[in-house]
Amino acid sequence: MIRGTFLQAGMAQSWDTAQWSREFSYLQEAGMCYLVLTGLAATSGKTTYTLYPTRLPGFQWVNPGVDVVDRCLQCAHKAGFKVFLGLQFNKDWWKQGAKDPEWLYEQMGIGNVLGDELHRTYFAKYPAALHGWYWEYEIDNRRFCTKRRLDVLARALNISLFYLKKKRTPLPMLLSPFMNKKCSTPETYAAVWRYLLANTELGAGDIFCPQDCVGAGGLALADLPAWFSALGKAVSTKPGMLYWANIENFVHKDWSSATLQRFIAQMEQVRPYVENIITFSYSHYYSPNNIAGGFHETYLNYLKTGLLECEKPTPPREVRIRKLGGNEYKISWSPGTDNIGIYGYQVYRNGMIIFTTAQQRKYGGNPGGLLLEYIDRPSMFRSKGISYSVSALDFAGNLSRPAIGALQC
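Numbers in the numbering used here are just positions in the sequence shown, counted from 1, shifted up by 437.
No wet-lab data here; the hints were simulated from the structure.
A quick note: this is a predicted structure, and the numbers were derived from the prediction, not measured.
Possibly wrong hints are sitting among the right ones.
Said to hold, decoys possible - With a straight-line cut-off of 25 angstroms between C-alpha atoms, the simulated SDA-like cross-links for lysine to any residue are:
| id | residue 1 | residue 2 |
| --- | --- | --- |
| 1 | K675 | K562 |
| 2 | K670 | N636 |
| 3 | K562 | N636 |
| 4 | K675 | D588 |
| 5 | K749 | K675 |
| 6 | K675 | K741 |
| 7 | K741 | R708 |
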């Protein structure tokens with residue numbers, strides 16, 4: 438079972454308290470009690486833009502009248518949720534990283550005054566809900582592999598940790614690094630984290646929560662035991678530090694939602710190694726606030742029964758093929774049906790997938806939505822003896838048998 442989710446504040450910057458309450462209700466139904474709210478502040482040039490009312494010099498509230506943090510914490514408090522607030526981020530991290538230590542240390546200073554203001558403004562009001570901080574700068578095993586860069590990174594982390602832990606009520610820090618198997622072995626990356634943990638103030642109560650990287654394509658399902666076992670051994674060198682997993686429920690090729698078959702398989706692979714599982718992001722990819730309710734309904738059924746529903750959809754009806762002229766074929770079909778709902782369709786040419794269409798997210802989804810037609814332009818040498826078929830896919834990942842297309846005159 439997942440116990441929490443990330444939510445990028447940009448998705449919720451226009452939500453009123455009713456929408457926030459609805460989101461926490463969905464998350465609560467799904468067994469969650471943690472929320473990681475990111476994207477509250479972004480620095481560009483000399484200005485830091487916030488989604489809450491700020492009085493800091495050089496900071497600018499970008500949506501006056503809407504306090505995302507207060508609305509979130511107010512509704513989290515009522516729902517019994519614990520919230521990690523993301524500290525400031527600068528997109529130049531991906532170019533600068535540890536190559537420019539002074540730049541990085543300056544960003545840490547900005548994050549510190551942000552954290553100070555957030556703590557001063559909201560902690561006394563919502564002490565049960567404001568649970569911790571999220572360090573928004575994602576660490577990976579490609580750019581951070583030399584002692585010099587690790588020393589720079591350790592100092593940057595300590596700039597944040599020394600400052601934030603001086604607060605009257607120190608809050609835990611959550612980090613969520615990622616990895617790519619092309620860049621190192623699990624043991625090499627674990628050694629990186631043993632070094633960082635030995636040289637930073639990260640410790641008891643702080644949370645090491647690596648992304649499983651399946652959605653982003655850095656790891657495959659079969660890779661997860663080796664990586665999470667190795668990283669767990671690194672975390673064990675820091676007494677009291679918590680070890681969680683961040684399960685990715687998206688498909689990076691088109692930023693669509695992963696089927697629940699894949700998502701649950703990811704959870705099962707990491708569960709033996711971690712204390713808790715959260716996800717990026719139930720709110721974005723599965724919540725009825727942002728996509729068709731079939732994901733949420735299917736997941737709730739899984740929680741209730743312990744089994745993922747396996748009823749296959751009916752095939753699409755009336756698959757029609759029309760030659761448009763030249764070497765173009767229009768494939769169209771009528772909807773299939775399912776006991777919970779149809780997530781998408783897969784189109785095949787001579788048995789090979791050539792196109793996939795799926796339900797889209799309101800925030801962050803691709804335009805067009807779920808389609809019921811596709812135009813194919815096969816190469817000339819393949820146009821003879823060509824055949825098309827279409828299958829329906831449900832939210833669990835069950836696939837119907839293919840419906841064969843008929844050429845229209």
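- Query: In ascending order, which of the hints set out earlier in this document are inconsistent with the structure?
  - Reply: Hint check: 1, 3, 5, 6 fail, others pass.
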